[in-house]
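Trainee: For reference, the chains in residue letters:
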Amino acid sequence: MKCKSLIALFVVGGLCIASAAVAQDTGNQPAKSTKPTATPAATQPSEKGKDGTGNKDKDHKKTDGAKVGEKAPDFSLTDTDGKTVKLADFAGKIVVLEWFNPECPVVVDCYKAEVMTKLANQYKSKNVVWVAINSGAAGLQGNGKEKNAKARTEWKVSYPVLLDESGTAGKAYGSKNTPTMYIIAADGTLAYRGAIDNGNPGKRGDINYVQKALDEIIAGQTVTTPETKAYGCNVKYGGKN
Amino acid sequence: MSALIASILLLMPVQSEPPPGGGGGGGSARARLQLIAETAALVPGETVCLGVHFEIDPGWHLYWNGLNDSGMPPELDFTLPHGFQVGEALWPAPKRHVSPGDIVDYIYEKRVTLLVPLIVPESARPGDIAEVSIRAKWLVCSDVCLPGEGEATLKLPISRPDSTQKTTSQAPLFAEARARLPRALPTSPDFKVSWQSDTLVIQVSSALGLDFLPDASSAMMTDRVAGGRADSARLVIKFQPAIGHDRIQQVSGILEVSSRGERGGRTAAFYSIKVSGPETVTQPR
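Line order of the protein sequences matches chains A and B.
Position 45 of the first sequence, counting from 1, maps to 45 under this note's numbering, and the rest follow consecutively.
Quick note, this note's numbering runs 1000 ahead of the 1-based positions in the second sequence.
Mixed in with the good hints there might be a few duds.
Listed below are the simulated DSS-like cross-link pairs for lysine-lysine, each with C-alpha atoms no more than 25 Å apart in a straight line [unchecked claim]:
id, chain 1, residue 1, chain 2, residue 2
1, A, K156, A, K212
2, A, K203, A, K229
3, A, K145, A, K156
4, B, K1095, A, K229
5, B, K1274, A, K229
Short, incomplete list of chain A residues facing chain B, as computed with Cβ under 7 Å [stated by the list, open to error]:
id, residue
6, C104
7, Y111
8, Q141
9, N198
10, G199
11, P201
12, C233
13, V235
Okay, the calculated bits of chain A under chain B, using three or more residues with CB under 8 Å as the criterion [stated by the list, open to error]:
id, region
14, 71-82
15, 219-231
Bear in mind the hints are in silico, worked out from the structure with no lab data behind them.
Built from N, CA and C at the ideal position, the CB exists for glycine as well.
Excised from the complex, chain A in its bound form (with noise of 0.2 Å):
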């Protein structure tokens, strides 16, 4: 009967899961793993750049920045007081970069939670210099001397933020989110580089990436978790989209 069959229609629309209606559907085909068709690989080395396929992948260095184990970009920036702090000024010192937006809802529950202000001061006696990095470009949200001089008052910020309006430090460093947590060793290389702990933006993890590898640096260990991946707001770069 005509209406009974609209109203069956009607039942099977409720699932949440698109149903096998559509025509080119394989019907009970569960949603698993694709084998794909097999080249084997196994004694192809990678041919990093070179590309028979014609891709056009960018060198993905130039997204990514500095890489762990690698000698940690220079850099010379203004912090809030007008004072010029360079990378070099910490030689055979263990620099923590924290890129920072004090208008970045993540960065400030970072804050009002006390993470990285507690950690600093902590580790101001082992040797351990830390320093927060804006590069936020004019005109975008938390950008401006003023507004991190007051960040750092209300916040009780005993390390200095640097202003990188121009973004080279932040793309030298390949960071996108405030905040991203970078470790340098005392010898200038890149230890860590990642989030600050195993949470997400919504909640505090329970590990605390940054001062596990900086107990890890300052015993002579080896850092157990040299890389995560950061989270965060987007690091407020200027130019187009």
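Please arrange chain B on chain A, whose structure you already have, making use of the hints.
Mentor: Just chain B now, with coordinates in the frame of chain A:
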């Protein structure tokens, strides 16, 4: 027939009460949360589809739960009546969004409905009203990012198992979301996925365009800005291990296939891709 038309006309829009005036920060105004139902009532022992729906202001976006460089997808927290359960939310395919500094995210604009299966227990009693609540937190961004949060409650009657189900006026939003849910990749020869060293080759016959959107478990594309898409039937993507990994373990996400539509123009279909990493000889350290 006229009875059916009459009952459709009498359908009440079933949606959540708006949150009490104000709500959290600006982000709660830029993207507004609603909890919506597809059917006007629940049936004991059946699974229905609820929608976590966001209306998003122009110029602002919410984040997909895939491999974004930044942002935070909505986090959902349900409160359910005794015996009820929700399944994992289904996320419609997003769009790629590139911000200055080569920051690549996958986002939703204008509106999005996440589909959530609500499993109604057999023991649910016809005549009862089930109250389902959601609390959510999110990051909504334009060139600034704002935190948002919201709450919504839906009250749905439990009807008898043999009763006919009426859909609500929100049904079109469910259809729109479903059209962007990825389906299983067919095993037909029209769809070929293979590794060549660290490069994945995806071929879909008669496709006019292909676009790969990686999920949170996927290895990373080496060029996230321009890579991962092709204006042809063949897509070649170079991968590198996910952050913190030393080899490519899997490539997973959504493949958007653009084809010729019935009346000219383009039509898009979405498929799930999940492929183990290429076979490589493990090099001694």
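Trainee: Hints first: check each against the structure and report whether it holds.
Mentor: Against the structure, the hints:
At most 25 Å may separate the alpha-carbon atoms for a hinted pair to count; A/K156 and A/K212 meet this at roughly 24 Å. With a CA separation close to 15 Å, the supplied pair A/K203 and A/K229 stays within the 25 Å bound. With a CA separation close to 16 Å, the supplied pair A/K145 and A/K156 stays within the 25 Å bound. Between B/K1095 and A/K229 the alpha-carbon distance is near 21 Å, which keeps this suggested pair within the 25 Å criterion.
Only pairs whose Cα atoms come within 25 Å are accepted, and B/K1274 paired with A/K229 is accepted, the gap being roughly 21 Å. The interface hint given for A/C104 holds, since its Cβ lies 6 Å from the closest Cβ of chain B, which is under the 7 Å cut-off. Checking A/Y111 against chain B: minimum C-beta separation of about 14 Å lies over 7 Å; hint violated. With its C-beta approaching chain B no nearer than about 4 Å, A/Q141 sits inside the 7 Å limit, and its interface hint holds.
With a least beta-carbon distance of about 11 Å to chain B, the hint placing A/N198 at the interface is violated under the 7 Å criterion. Interface hint at A/G199: violated, since its Cβ lies 11 Å from the closest Cβ of chain B, which is beyond the 7 Å cut-off. For the restraint placing A/P201 at the interface with chain B, the shortest Cβ-Cβ distance is roughly 4 Å, inside the 7 Å limit, so the hint holds. With a least beta-carbon distance of about 4 Å to chain B, the hint placing A/C233 at the interface is held under the 7 Å criterion.
Nearest Cβ of chain B to the Cβ of A/V235: about 6 Å, under the 7 Å cut. The hint holds. Coverage of the region 71-82 of chain A by chain B is violated. Counting CB-CB distances below 8 Å, 0 residues qualify, and the rule asks for three or more. For the region 219-231 of chain A, the stated coverage by chain B is satisfied: 5 residues place a CB nearer than 8 Å to a CB of that chain, which reaches the threshold of 3.
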